[in-house]
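Colleague: Residues per chain are reported as follows:
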Amino acid sequence: MTRDFLHAVASLAVLCTVVPGVIALNVVSSTADQTAATDVQQPAHERSVALFLDAARVIESPRCMNCHPATRSPTQGEAMRLHTPPIDAGSEGHGPLGLNCNTCHGSENVSTIGIDIASIPGHPHWMLAPASMSWQGKTPGEICRQIKDLTRNGGRTLEQIHEHMAKDSLVGWAWNPGDGREPAPGSQEAFGILVGEWIATGAACPEG
Amino acid sequence: MTAILSHGISRRAFLTASAALGGGLLLGFPLSGQAASQGVASDLNAFIRVGADNTVTLVLPYVEMGQGAYTSQVQLLAEELELDPARVLYEAAPPDEGRYASPLFGGQITGGSGSLRGAWRTLRAAGAAAREMLVTAAAQRWSVSSESCRVENGQIIHASGRTLTYGEVAAEAALLPVPDAPVVKQRSNYRVVGQSLRRLDTPAKIDGTAKFGIDARPPGVQYAVVASCPVLGGKMKSVDTSAALMMPGVKQVVRLERAVAVVATNTWAAWKGLEVLNMEWDAGANASLTTQQMVDAADAALGRSGIVSTVVGDVDQTEMTATDRYEAVVRLPLLAHAAMEPLNCTVDLRPDRCEVWVGSQVVGRAQKAAADAAGLPLERVAIHNLFLGGGFGRRLETDYVTQAVQVARHVSGPVKVTWSREEDIRQEVFRYHNHSRVTVALGDGGAPASWRHKVVGPNIMSRFLPVYQKDGVDLDVVNAASGPYDIPNILIEYSRNEAPEGLHTGNWRGVGPTRNVFIVESVVDDLAHRAGRDPVEYRRAMMNSADTARPRAALELAVQHAGWDETLPARHGRGAAVFSGFDSHVGMVAEVAVDINGRVSVQKVICAIDAGYVVNPDIVRAQIEGGIIFGLSAVLYGQVTIAGGQVEQSNFDTYPVLRMREAPRIEVHIIDSDEEPGGVGEPGTAGAIAAVANAVFAATGFRALTLPLNPSDLRGV
Amino acid sequence: MLYNLQVNGAVHQADVDGGTPVLWVLRDILGLTGTKFGCGIAMCGACTVHVDGEARRSCVTPIDFVGGAEIRTIETLGEGKVGSALQQAWRELDVVQCGYCQPGQLMSAAALLAANVQPTDADIDAVMSGNICRCGTYGRIRAGIKRAAQILASAGEVAK
Numbered sequence: 001m002t003r004d005f006l007h008a009v010a011s012l013a014v015l016c017t018v019v020p021g022v023i024a025l026n027v028v029s030s031t032a033d034q035t036a037a038t039d040v041q042q043p044a045h046e047r048s049v050a051l052f053l054d055a056a057r058v059i060e061s062p063r064c065m066n067c068h069p070a071t072r073s074p075t076q077g078e079a080m081r082l083h084t085p086p087i088d089a090g091s092e093g094h095g096p097l098g099l100n101c102n103t104c105h106g107s108e109n110v111s112t113i114g115i116d117i118a119s120i121p122g123h124p125h126w127m128l129a130p131a132s133m134s135w136q137g138k139t140p141g142e143i144c145r146q147i148k149d150l151t152r153n154g155g156r157t158l159e160q161i162h163e164h165m166a167k168d169s170l171v172g173w174a175w176n177p178g179d180g181r182e183p184a185p186g187s188q189e190a191f192g193i194l195v196g197e198w199i200a201t202g203a204a205c206p207e208g
Numbered sequence: 001m002t003a004i005l006s007h008g009i010s011r012r013a014f015l016t017a018s019a020a021l022g023g024g025l026l027l028g029f030p031l032s033g034q035a036a037s038q039g040v041a042s043d044l045n046a047f048i049r050v051g052a053d054n055t056v057t058l059v060l061p062y063v064e065m066g067q068g069a070y071t072s073q074v075q076l077l078a079e080e081l082e083l084d085p086a087r088v089l090y091e092a093a094p095p096d097e098g099r100y101a102s103p104l105f106g107g108q109i110t111g112g113s114g115s116l117r118g119a120w121r122t123l124r125a126a127g128a129a130a131r132e133m134l135v136t137a138a139a140q141r142w143s144v145s146s147e148s149c150r151v152e153n154g155q156i157i158h159a160s161g162r163t164l165t166y167g168e169v170a171a172e173a174a175l176l177p178v179p180d181a182p183v184v185k186q187r188s189n190y191r192v193v194g195q196s197l198r199r200l201d202t203p204a205k206i207d208g209t210a211k212f213g214i215d216a217r218p219p220g221v222q223y224a225v226v227a228s229c230p231v232l233g234g235k236m237k238s239v240d241t242s243a244a245l246m247m248p249g250v251k252q253v254v255r256l257e258r259a260v261a262v263v264a265t266n267t268w269a270a271w272k273g274l275e276v277l278n279m280e281w282d283a284g285a286n287a288s289l290t291t292q293q294m295v296d297a298a299d300a301a302l303g304r305s306g307i308v309s310t311v312v313g314d315v316d317q318t319e320m321t322a323t324d325r326y327e328a329v330v331r332l333p334l335l336a337h338a339a340m341e342p343l344n345c346t347v348d349l350r351p352d353r354c355e356v357w358v359g360s361q362v363v364g365r366a367q368k369a370a371a372d373a374a375g376l377p378l379e380r381v382a383i384h385n386l387f388l389g390g391g392f393g394r395r396l397e398t399d400y401v402t403q404a405v406q407v408a409r410h411v412s413g414p415v416k417v418t419w420s421r422e423e424d425i426r427q428e429v430f431r432y433h434n435h436s437r438v439t440v441a442l443g444d445g446g447a448p449a450s451w452r453h454k455v456v457g458p459n460i461m462s463r464f465l466p467v468y469q470k471d472g473v474d475l476d477v478v479n480a481a482s483g484p485y486d487i488p489n490i491l492i493e494y495s496r497n498e499a500p501e502g503l504h505t506g507n508w509r510g511v512g513p514t515r516n517v518f519i520v521e522s523v524v525d526d527l528a529h530r531a532g533r534d535p536v537e538y539r540r541a542m543m544n545s546a547d548t549a550r551p552r553a554a555l556e557l558a559v560q561h562a563g564w565d566e567t568l569p570a571r572h573g574r575g576a577a578v579f580s581g582f583d584s585h586v587g588m589v590a591e592v593a594v595d596i597n598g599r600v601s602v603q604k605v606i607c608a609i610d611a612g613y614v615v616n617p618d619i620v621r622a623q624i625e626g627g628i629i630f631g632l633s634a635v636l637y638g639q640v641t642i643a644g645g646q647v648e649q650s651n652f653d654t655y656p657v658l659r660m661r662e663a664p665r666i667e668v669h670i671i672d673s674d675e676e677p678g679g680v681g682e683p684g685t686a687g688a689i690a691a692v693a694n695a696v697f698a699a700t701g702f703r704a705l706t707l708p709l710n711p712s713d714l715r716g717v
Numbered sequence: 001m002l003y004n005l006q007v008n009g010a011v012h013q014a015d016v017d018g019g020t021p022v023l024w025v026l027r028d029i030l031g032l033t034g035t036k037f038g039c040g041i042a043m044c045g046a047c048t049v050h051v052d053g054e055a056r057r058s059c060v061t062p063i064d065f066v067g068g069a070e071i072r073t074i075e076t077l078g079e080g081k082v083g084s085a086l087q088q089a090w091r092e093l094d095v096v097q098c099g100y101c102q103p104g105q106l107m108s109a110a111a112l113l114a115a116n117v118q119p120t121d122a123d124i125d126a127v128m129s130g131n132i133c134r135c136g137t138y139g140r141i142r143a144g145i146k147r148a149a150q151i152l153a154s155a156g157e158v159a160k
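Protein chains in written order, with the UniProt record's numbering: chain A, 1 to 208; chain B, 1 to 717; chain C, 1 to 160.
Treat the hints as calculated values from the structure; they're not laboratory data.
Watch out, some of these pointers could steer you wrong.
[As the list claims (entries may be wrong)] Covered by chain B, according to a simulated footprint, are these stretches of chain C (three or more residues, beta-carbon under 8 Å):
(1) 36–49
(2) 142–152
[Stated by the list, open to error] Simulated restraints, written as ranges between beta carbons of each label pair:
(3) B:Val308 to A:Pro86: 46 to 54 Å
(4) C:Val117 to A:Ala79: 34 to 42 Å
(5) B:Asp240 to C:Gln150: 53 to 61 Å
(6) C:Ala69 to A:Arg145: 41 to 49 Å
We put the CB at the ideal spot given by N, CA and C, even for glycine.
Bound-form chain A, shown alone (with noise of 0.2 Å):
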């Protein structure tokens, strides 16, 4: 990690009010307050879980969780339950042979004429993320310790976890769904202010 992406995750982190069980997400737009003083008296591993347990919010919406699944099938909706029609990743995660994610999923959002989906969900790389990234069924603690394992998040470093969360416009899709779905909590800018923290604050992981 370089000491430039510290410097701006400490910048960063002014902005964000964090205290466990105190939803951060919706506060983050609001300048910092005098919590923050009490804030560096906290242990920073049990600051830095508190920030995780705030980033799960986003990560365990079913925004992100439905692509991330426990089997090589994606669910869908609200209430996560089995993608309609029945998908399978394929062996890059894009669908069969023959059937692409992109069959259905276009570049965009597109509306329909449905009722119960009221859209088609897109992004120019829609996939379903690899076997190694699956999470649901998982807890806080279990999916935070595999998105730091290189060998189940892509290789990536701390630091590009962090630009994934921030920037990646496939993770932004999150919060702009399309029509009839639920946006993740708060918003992308505000997650990958407490991706940063987190991982300023040494990136700790909750138990369990």
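Fit chains B and C to the given chain A structure using the hints.
Modeller: Showing chains B and C alone in chain A's frame:
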């Protein structure tokens, strides 16, 4: 067209002209290899027209909705006419309840697994009569006896070797009296009938040229979409059209009593207009209707005494003296048809005539519905019946024709009304909640000494086909209610229970047997289990009379191919079903695996069918295969629920149907028979539901008496 | 807006809103009615076409997304060797019943065979489960795809 009509041409000419205008009616291949130009054509009867140029056009009374009716009807007529089926033209019969009525139903109806059964009676006679008339005409021309002439490959041949084509004598033949008792061919002489002739509609259905109702595009057509009141039976209260009319392509908004239509330059533009319509509805009496209320009402009807429809022996007495009694209540859900082609209808309404393009199982009724809605006499309404993208009973109704004509009354020029899938599922004519109570007095070895079955359901026939009732009993709803068994005492009762007004109920693939075979076969399976007997052996023991020989043979054959006695792994099971229906006799064995989450996977289905004499074996196999798949969708998933008077499902995500990865291996074994042909479109559906439910019991020990199967009942530990 | 669309080897013009799905452009504007409407939400596959050789559900593909890509529909499926092998297999096995879903089934099957010349049952199920058939022709579709693969393989042998 309008100008010609106003000068009063004949209806026949009108229909011919309409056919030429709309296209899509003439199918098949002319003998000359050119487009149909028959010159002077002669009607030998309602089904056979022979042109002076020797083209032969067959007019087919049963519509093609996938069941292979066009192919088998052509087979029957071509056989009697001694023609190569590949060298005839054929077309859909125009609306005419008299000429094209099914002898089974007394009306122009394609349904009830009745196409071949109806055609078998009518078309062979028509073909034979025409053949005799052609021979007589040729014999008269030659001044020889008819007996000295024979027909071969579209020619009349005299013993001397002289020949005449059909076309050369058609005009004279048409003037001859129609033979009273034409002699049909002996089956041993059949060349075409009895063969698996390839389907005649396949080529057009694999290259995009087949025209379905939804493909009609008369010149100048506009495109309309509709939204009906989401609460069933509700009415339009008000609609603000200003935003919709601003949308690109939107031409007008039509307000009907129970729906709104948006008319535009294309279907999508119409939908976008519909999306921004501000509609207010008067929900009416069903505003708080729920599925539970309908289930409760059906249960209440089970408690009321019904009308007795069948009595054999003395059930009361048997029940009183029996030491052991079994009783089960079975509940079936509300179902949608969900044919692949959403409902649609195209109408060109002019002041003095109406032209309709549609796919309908009831062409005559479609004409009547259009005439009524248009305020025109029947003969001013032409119907182009195109291919049906699935019927399943939904297209036995004409609500969508009426609605399209109502829309057309407000539109200048032709308009196509297309329902969204959501509208198609929510504005259904549903298969209604059927509940049954079966009470069995048990005799020796746990066999039924008496069988009492009270059936609760709507009397659809009172509306749909009043002749198919007896003393207030809908004969369909009690069809197959006691199974193909030799039970000495039987009492079938019918307790009528109509749906709330505004929720429309109708026929669904398999009609009565699709409801009752599951009920009867579940009970029989349960009785076998209680008696500690093998379910097949238990059934066999009740099938020893001449009346039950055919279903018993079907069961035996299915069991034999299914490897009934072979051991299966845990949570796998085989289930059997046997029944007679639609003049066919069916034995079926399903094999399932149920995973620990209660998800049922149907591994294979073995069916044996005695469908009497079989005109096209491969079409019979296809119909059974398809019927089974349709039944699997119902037993695994089929359920429409209502809350606040609205259908809760809307599309294939919430009303799932079977997909290929869930489709089992299916074997169909046809029993050789010389009996009269039986129906094959629906038996597969009825059998599959019952056999799968019984297989699930064998796999899990859970007896499902409510459909669809609920995985939470079937979980493993 | 006026769009130039490459369909079946020719350029067609359509003056429609950019959000209009290709399905309705084909059916209502260009009169290519072989491509079917079934669900409108990519649930049933009846509307499947090829865009630059890949299967695409045309009911959820706005014309604006297509650009100059080549659209192929059922009307010209038979011009390719995969499509013509599939049509031959469909005729031999009489796969169709009502036939409404079959254009979509064939277009999906063609995309499968183009990407996977010898698909297993599992490969076929994985791709073809995106297409619904209410008449229940699944068994014959499966057999038809295998038969087409066989036809293509033997044609390949002859070519060698």
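Colleague: For every hint, state whether the structure bears it out.
Modeller: Taking the hints in turn, this is what the structure says about them:
no.: 1; hint: 36–49; result: holds (count 9)
no.: 2; hint: 142–152; result: violated (count 1)
no.: 3; hint: B:Val308 to A:Pro86: 46 to 54 Å; result: 48 Å, holds
no.: 4; hint: C:Val117 to A:Ala79: 34 to 42 Å; result: 39 Å, holds
no.: 5; hint: B:Asp240 to C:Gln150: 53 to 61 Å; result: 60 Å, holds
no.: 6; hint: C:Ala69 to A:Arg145: 41 to 49 Å; result: 43 Å, holds
The structure shown violates just one earlier hint, number 2.
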